[in-house]
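*Asks:* Residue numbers (this note's numbering), protein chains in the order written: chain Z, 1 to 319; chain W, 1 to 319; chain A, 1 to 319; chain X, 1 to 319; chain F, 1 to 319; chain D, 1 to 319.
Just to be clear, a hint being listed does not mean it is correct.
Under the rule of at most 30 Å between Cα atoms (straight-line distance), these lysine-lysine pairs were calculated in the DSS-like manner [unchecked claim]: (1) Z:197 - A:154; (2) Z:197 - Z:243; (3) D:243 - X:243; (4) Z:247 - A:283; (5) D:154 - F:154; (6) A:154 - Z:35; (7) F:243 - X:283; (8) Z:197 - A:255; (9) W:197 - A:35; (10) D:154 - X:35.
Hints listed in this document are in silico derivations from the structure and should not be mistaken for laboratory results.
Number of protein chains: 6
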Amino acid sequence: MLTKGDPMNKPIMMDLRVAPLKDVVRQLCEPESCKEVCRAPMHDQPMPSIPALTEIVDRLKGILFPGYFGDSEVTPESLTYYIGAGLDRVYRLLIEQIKRGYCFLCRFNGEEDCDDCQEVAVDLATRFITILPHIRALLATDVQAAMAGDPAAKTPGEIIFSYPSITALTHYRIAHELYHLGVDMIPRIICEMAHSKTGIDIHPGAEIGNHFFIDHGTGTVIGETSIIGNNVRLYQGVTLGAKSFPKDAAGQIIKGLPRHPVIEDDVIIYSGATILGRVTIGKGSVIGGNVWVTESVPPGSRLTQQRPSSQLFSGGEGI
Amino acid sequence: MLTKGDPMNKPIMMDLRVAPLKDVVRQLCEPESCKEVCRAPMHDQPMPSIPALTEIVDRLKGILFPGYFGDSEVTPESLTYYIGAGLDRVYRLLIEQIKRGYCFLCRFNGEEDCDDCQEVAVDLATRFITILPHIRALLATDVQAAMAGDPAAKTPGEIIFSYPSITALTHYRIAHELYHLGVDMIPRIICEMAHSKTGIDIHPGAEIGNHFFIDHGTGTVIGETSIIGNNVRLYQGVTLGAKSFPKDAAGQIIKGLPRHPVIEDDVIIYSGATILGRVTIGKGSVIGGNVWVTESVPPGSRLTQQRPSSQLFSGGEGI
Amino acid sequence: MLTKGDPMNKPIMMDLRVAPLKDVVRQLCEPESCKEVCRAPMHDQPMPSIPALTEIVDRLKGILFPGYFGDSEVTPESLTYYIGAGLDRVYRLLIEQIKRGYCFLCRFNGEEDCDDCQEVAVDLATRFITILPHIRALLATDVQAAMAGDPAAKTPGEIIFSYPSITALTHYRIAHELYHLGVDMIPRIICEMAHSKTGIDIHPGAEIGNHFFIDHGTGTVIGETSIIGNNVRLYQGVTLGAKSFPKDAAGQIIKGLPRHPVIEDDVIIYSGATILGRVTIGKGSVIGGNVWVTESVPPGSRLTQQRPSSQLFSGGEGI
Amino acid sequence: MLTKGDPMNKPIMMDLRVAPLKDVVRQLCEPESCKEVCRAPMHDQPMPSIPALTEIVDRLKGILFPGYFGDSEVTPESLTYYIGAGLDRVYRLLIEQIKRGYCFLCRFNGEEDCDDCQEVAVDLATRFITILPHIRALLATDVQAAMAGDPAAKTPGEIIFSYPSITALTHYRIAHELYHLGVDMIPRIICEMAHSKTGIDIHPGAEIGNHFFIDHGTGTVIGETSIIGNNVRLYQGVTLGAKSFPKDAAGQIIKGLPRHPVIEDDVIIYSGATILGRVTIGKGSVIGGNVWVTESVPPGSRLTQQRPSSQLFSGGEGI
Amino acid sequence: MLTKGDPMNKPIMMDLRVAPLKDVVRQLCEPESCKEVCRAPMHDQPMPSIPALTEIVDRLKGILFPGYFGDSEVTPESLTYYIGAGLDRVYRLLIEQIKRGYCFLCRFNGEEDCDDCQEVAVDLATRFITILPHIRALLATDVQAAMAGDPAAKTPGEIIFSYPSITALTHYRIAHELYHLGVDMIPRIICEMAHSKTGIDIHPGAEIGNHFFIDHGTGTVIGETSIIGNNVRLYQGVTLGAKSFPKDAAGQIIKGLPRHPVIEDDVIIYSGATILGRVTIGKGSVIGGNVWVTESVPPGSRLTQQRPSSQLFSGGEGI
Amino acid sequence: MLTKGDPMNKPIMMDLRVAPLKDVVRQLCEPESCKEVCRAPMHDQPMPSIPALTEIVDRLKGILFPGYFGDSEVTPESLTYYIGAGLDRVYRLLIEQIKRGYCFLCRFNGEEDCDDCQEVAVDLATRFITILPHIRALLATDVQAAMAGDPAAKTPGEIIFSYPSITALTHYRIAHELYHLGVDMIPRIICEMAHSKTGIDIHPGAEIGNHFFIDHGTGTVIGETSIIGNNVRLYQGVTLGAKSFPKDAAGQIIKGLPRHPVIEDDVIIYSGATILGRVTIGKGSVIGGNVWVTESVPPGSRLTQQRPSSQLFSGGEGI
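Model the full assembly from the supplied sequences, consistent with the hints where possible.
*Replies:* Written as structure tokens, this is what we have:
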């Protein structure tokens with residue numbers, strides 16, 4: 001460490017200060033160091049914009065739940081204006097972001113160019129907005145499911161405005177439709193936004209029926225190829241995951257295979273349960289908390305963890 | 001997909017673009033679609049304001065922990081000014097938000113109006129601020145508990161400034177007092193703010209004693225009717241939840257019944273433990289991680305999961 | 001509650017309103033109430049600044065992953081300028097924050113002063129920036145590990161831009177180097193930022209090898225003295241924690257002892273597993289979800305929870 | 001000045017630092033000092049909000065000149081939505097600000113209260129928005145006048161988007177209608193906003209015909225009781241002011257009397273001309289720059305300053 | 001005005017409230033009302049962005065005067081990084097804005113399209129940045145002129161940082177080069193930004209030599225075809241304007257003709273002087289304040305206003 | 001211009017794009033180009049911060065005019081808290097800015113250092129805040145003067161809240177006291193802020209008595225050594241300037257000499273009047289608009305411009 005009193009220190013320190021800056025910049029710009037961590041932009045498209053996607057989702061919330069989000073003093077008379085203006089804005093923003101997501105993963109280069117990206121993006125955004133009434137109808141059933149499944153809930157409005165389950169499902173149901181339309185990158189980002197905010201990690205590829213409710217939700221994970229029926233309720237920390245990943249002859253993981261559970265209608269899964277692999281939890285089953293399930297169970301099953309081992313002990317902290 | 005080269009495409013695309021906008025707006029404004037998802041405001045009150053509530057909690061943190069949050073260069077001389085100005089501002093903001101929360105759930109309409117909402121809100125806000133010294137005293141014990149319970153903690157200041165446990169408990173202890181005063185909606189929102197930030201989900205209705213500490217905390221859930229004694233320590237992923245919800249004759253869940261655990265003094269519960277129902281964990285017990293507990297345990301108990309089944313295996317990935 | 005119609009109410013209410021404000025301010029300023037919760041600043045240093053630390057980490061992301069974060073349209077030609085400008089800015093901001101963190105925990109007072117804090121901070125910041133190429137090289141292996149370990153991942157770019165694992169590891173690997181340099185307070189805050197955003201709680205003191213991947217991640221905790229080898233994969237909700245804390249003769253927890261697990265190379269740990277204490281999980285082991293492990297396991301082990309007890313049941317909700 | 005080396009200085013300095021703070025605060029809170037400079041709020045109404053008024057005017061610009069301001073990508077199809085949503089928002093904001101302006105100058109107190117402020121504000125805001133088409137029609141003539149009067153102008157769009165004359169007149173024409181409706185305080189603030197931005201100071205009480213243009217505009221002042229006909233053009237630095245203010249018997253200025261010029265149709269007034277008092281500049285007159293006019297001039301007049309005195313001089317700076 | 005006590009008022013008020021909104025929206029959307037005030041976008045280009053232009057000019061200030069604006073702690077070592085990163089950012093932003101300005105005034109439509117706008121904009125932005133060293137050299141002479149011409153100035157740094165003359169000239173010299181490159185719309189907007197901030201209105205088309213200084217500056221106007229030599233000093237409120245505008249056979253103003261004064265080297269013009277038309281103020285002349293000049297004056301002239309008429313008067317206010 | 005169709009264009013364009021960037025950066029970093037326009041920081045002090053100075057002035061407005069600016073709902077009870085907290089914040093911010101301003105002009109280097117800058121800054125800030133009651137008392141007389149001098153003014157509150165005269169004088173009176181304390185740089189910046197906002201340019205060195213009012217104000221300039229008595233009223237565009245600047249033997253302007261007018265008590269000066277040099281306008285004089293005055297006038301004088309030359313003319317535009 002440098003000693004202040006030494007009159008030689010200041011210049012030396014200054015040299016120290018300058019030298020590594022130049023040197024570190026040089027190292028960080030070397031092709032070898034940049035490989036794999038620097039973006040080589042395709043088609044001159046910038047990255048998807050998190051602020052734009054945030055605005056898109058926020059405005060969609062205002063459109064799906066008028067009066068709860070966005071311009072909260074919507075009246076029946078002004079509803080058309082607000083929904084129309086919001087939707088037009090979403091539509092324009094979405095075209096740009098779809099195009100960026102599309103180009104982000106674009107593999108074409110050299111001879112092939114990206115001339116129809118704009119047209120594709122317009123087409124996909126157009127299709128997406130026509131699905132909004134359907135998305136709203138599904139979310140309305142999710143609100144009912146929360147109302148029915150949480151004794152602490154007093155009104156649907158409270159659920160819409162403050163329940164993480166509705167936040168996560170709004171993001172998921174939007175992202176899922178974009179995913180099905182073939183939009184790249186953007187659906188995943190939209191779901192990650194909800195993951196960061198709620199701790200609920202639903203892959204946009206999962207299929208989820210109506211009347212779905214995740215209580216508390218932190219740590220719950222629903223994998224890409226999961227299929228969930230109607231009227232299912234999960235709690236926090238539930239994992240619907242994959243057990244193992246088949247590899248191809250070259251030793252590479254084969255992507256896209258069904259590898260997550262199928263949860264049939266009317267199932268309840270308590271907190272911390274881990275269900276792995278392409279197994280089926282039969283209709284109406286109840287899965288207790290903290291269990292580890294890697295095999296299918298028939299309809300109407302009740303699964304609980306083995307009773308813990310118990311003993312009295314005379315103190316000391318820890319276990 | 002549209003082909004760019006076709007001279008007819010642009011007009012067609014424009015029609016496509018316009019048509020669904022109008023049509024989707026119309027669908028989204030239909031009464032049938034709006035039912036249950038649109039807010040019909042009561043008494044012309046806007047929704048509670050998340051930015052205002054954020055300011056309220058941030059200023060309360062600056063009042064409860066002077067010098068750590070807000071104007072960080074508070075001196076003994078300026079302390080009165082900063083606390084006075086902060087408190088006056090909180091008081092005014094809180095009156096407005098209490099009123100909004102109160103009206104949000106208000107069931108009166110037609111003949112009954114909301115004329116005394118303002119007076120009620122003033123009264124409740126006034127009562128709330130008198131409780132602040134008590135809230136601070138409790139939080140001071142929570143800081144002590146973290147200091148005693150985490151070998152990685154070096155100073156109380158570090159805990160106050162950066163531990164999620166203190167963040168979550170500050171929100172909870174504020175929200176809990178508002179909940180007891182009968183404030184609607186707002187306590188839940190304040191706790192959800194902390195839930196989103198820390199992953200710790202404490203219902204404002206829970207009763208929690210002094211010297212409470214949640215280490216790491218992500219995924220921990222403490223339900224509405226839980227009762228927690230003094231000097232309790234939880235880890236991440238602990239659930240104090242409800243097992244089942246009795247229904248009334250009409251098949252509706254009966255709300256408000258005691259349905260969450262009672263945790264007596266000096267209990268430690270390790271990560272991922274799930275304790276469900278109105279059971280009692282006796283004084284001084286230690287509950288091991290990942291257990292599933294649905295029955296009461298006597299004081300001084302030590303509960304651990306059954307030992308895992310173990311085997312050697314020669315490789316392959318996954319399980 | 002006050003009744004509106006009474007003409008005497010307004011003055012009374014005003015008195016009520018005024019009285020507690022003054023009284024509560026007075027109570028909150030009493031030395032007894034302030035003790036332990038008010039900061040007595042050392043050396044006139046303000047608290048570490050969360051916005052400054054956020055800028056530091058955001059700019060470091062732009063330096064480590066050029067084109068993905070920050071100025072996204074970086075070209076090979078402009079790379080040097082952007083990295084140079086970003087690094088100079090980080091360097092200046094970091095000196096200030098290191099100094100604040102250092103003084104925050106500073107125990108010297110009275111006769112000893114803080115005159116060399118500035119020099120120490122310059123020295124530490126200088127050392128830190130020279131480590132950045134090393135940090136980037138490690139993170140590049142983490143991206144590869146995610147690509148290899150998640151069948152849903154399509155490109156490295158998608159992982160860099162949107163995977164919580166990379167967010168958490170970028171914060172951790174930055175914080176870890178600062179921690180090793182002896183910087184106080186700041187590393188912990190940087191890791192808590194990622195904890196809040198991703199639900200992944202890695203203590204900056206933990207030692208983690210290359211090719212590390214945490215899938216989903218919410219609720220995963222890696223304690224201060226954990227040691228993790230190369231090519232390890234964890235899932236959400238995994239705890240690498242401490243079992244108990246030895247106390248000294250005075251009954252105080254002894255801080256700094258090794259008390260967290262050692263995870264050897266090529267281990268996979270599934271969601272919700274809790275591993276406590278200074279135990280070793282041998283090379284190549286696979287730990288199933290939701291298990292509770294407090295003893296070492298040899299290399300090549302496969303550990304799973306006992307099978308759940310199962311029964312059919314004819315209905316009713318709950319468990 | 002304090003000397004650093006003296007060990008006694010720090011405490012002394014601290015005392016110096018503390019003492020005046022308390023003392024100055026006390027002085028500044030004394031009733032005598034506060035008199036006339038502190039606001040005693042009427043009816044518990046806060047001050048008019050500059051940010052809210054800024055939003056009102058900005059949104060009105062987007063409504064009056066669609067596509068130029070606000071959401072710039074308005075199409076014929078989305079026009080109704082954007083104007084509807086913008087107008088509804090303006091309407092709500094305006095009600096609140098009218099009420100504040102009204103109460104700001106309210107002279108009633110004690111026995112009389114402000115119970116109908118809300119109704120009055122709703123009524124005035126409602127009337128105001130019905131005048132918007134008229135305001136737009138007038139502004140369209142102002143754009144034409146600028147196009148005709150400035151050889152540097154290439155398109156109407158350029159004038160709408162960037163000419164200070166249009167900015168000032170948009171503010172003025174909005175404020176003037178509010179002024180005529182009897183709104184207090186707010187019109188003046190709206191005109192001052194334009195004054196600050198453009199240097200053009202038009203009192204909202206002035207009467208101005210169609211096709212009005214102020215080129216450059218900085219320093220031009222149009223007083224409260226000015227009357228300006230159609231097709232008038234002013235340049236920068238023109239004053240239409242009052243010469244003297246008659247006083248009443250008590251020596252107080254009599255407010256509200258006509259005291260500013262009348263400018264008839266088709267007049268041009270060049271930069272820096274000062275015209276004071278209730279004089280009339282006859283139709284079609286041209287007033288040269290920098291003249292001082294305190295008497296009426298007949299239609300068709302041309303007024304210029306006396307030729308300057310001129311001489312050659314052999315150098316030196318200044319005059 | 002509505003009376004609160006009447007139970008019928010609320011519905012009536014609501015009707016009043018609703019009715020005009022719909023009606024006004026309809027009126028404001030009628031083609032007749034929209035004509036001339038609504039933008040019909042060309043080539044789907046949005047309007048030039050004021051925030052982007054503000055960023056461009058702010059970054060250019062940081063590039064032209066390093067250490068004074070922008071990242072103020074630039075050192076010789078980091079200078080290259082900051083200028084390089086700033087310039088790259090300006091370059092990208094400028095391409096977009098040039099394109100928008102170009103399209104804003106674009107007259108092509110139908111058969112002709114705007115396919116080369118992007119190439120043109122890239123070309124113009126490229127040319128512009130090569131001129132920056134020249135712009136800086138000119139501005140350095142302007143700083144010298146202010147230092148020489150204002151006895152209140154103590155250092156060049158103070159002039160660079162706080163004098164409106166330098167602000168206005170920086171905007172002008174940037175805008176002037178863009179104007180000469182043929183960029184549409186953008187130069188005018190950049191000059192209007194300075195006009196709004198300083199009250200100095202310089203048209204980007206004016207030609208201005210080196211060592212130029214405008215003291216105080218508010219209200220000074222320099223018209224489009226003005227020519228100003230080297231070492232000229234103006235004060236506030238000086239007009240270099242046009243006297244009259246020749247019209248073509250159709251009665252339309254002929255645009256683009258030389259119509260503003262020529263000011264030769266070493267001239268001083270005092271505050272409030274108005275000089276109109278294509279006249280020449282000969283080298284070394286001094287023009288006194290408030291004069292009205294519409295004829296050329298030879299080199300070395302000294303022009304002052306006729307002495308005012310003076311009289312003693314015994315009081316009364318006003319004139 | 002580049003043609004799109006040519007397949008060779010893109011690479012060429014890219015080269016063009018890259019080449020000048022590097023080249024221009026190099027040119028702009030050459031010492032010759034940087035000379036005089038780059039800041040060589042003294043004592044490692046950053047530039048004064050405009051946002052910090054803006055906050056200082058805004059908070060001072062809230063302290064000087066409680067209830068009008070800042071936290072507008074101040075009550076007699078909370079006044080002390082708000083003024084105390086605001087003043088403490090101003091005090092801390094001001095110390096830092098005074099230090100920066102002091103170092104900005106600091107001429108010491110090499111052997112002499114800046115070790116007592118901090119102490120000086122603390123001392124000056126301490127002295128400044130004790131002057132605030134005096135500043136407020138003066139501003140209260142300025143409000144009275146505006147009330148008495150403007151027939152359009154209805155209440156003092158309106159004047160405080162919206163008159164540019166009060167804005168300019170608040171900045172001036174704050175800056176003037178800092179100027180007298182010997183603070184460098186900062187007073188000038190504070191006055192320039194008001195100049196930009198109001199068009200009124202008062203040098204902080206000017207001496208101005210009580211009951212001062214500038215109506216409209218745009219373009220009014222009051223030079224550094226001006227002396228203005230009590231009860232003076234100016235209008236827009238008035239110049240109190242310098243006529244010529246004596247030079248020393250070396251041809252350098254001698255700085256600091258008295259060179260601006262003395263305006264005695266009870267004088268009124270109408271818009272656009274220019275008064276230059278160390279002349280005296282005697283008590284109670286009235287100076288008409290647009291006059292050019294370079295000689296003293298006795299008390300009680302009335303000065304007006306020569307009558308303009310007038311003629312009728314039959315049309316044509318312009319003059």
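*Asks:* Would you mind marking each hint as holding or not holding in the structure?
*Replies:* Hints and how they fare:
no. : hint          : verdict
1   : Z:197 - A:154 : holds, 24 Å
2   : Z:197 - Z:243 : holds, 27 Å
3   : D:243 - X:243 : holds, 28 Å
4   : Z:247 - A:283 : holds, 22 Å
5   : D:154 - F:154 : violated, 43 Å
6   : A:154 - Z:35  : holds, 18 Å
7   : F:243 - X:283 : holds, 20 Å
8   : Z:197 - A:255 : violated, 33 Å
9   : W:197 - A:35  : holds, 27 Å
10  : D:154 - X:35  : holds, 18 Å
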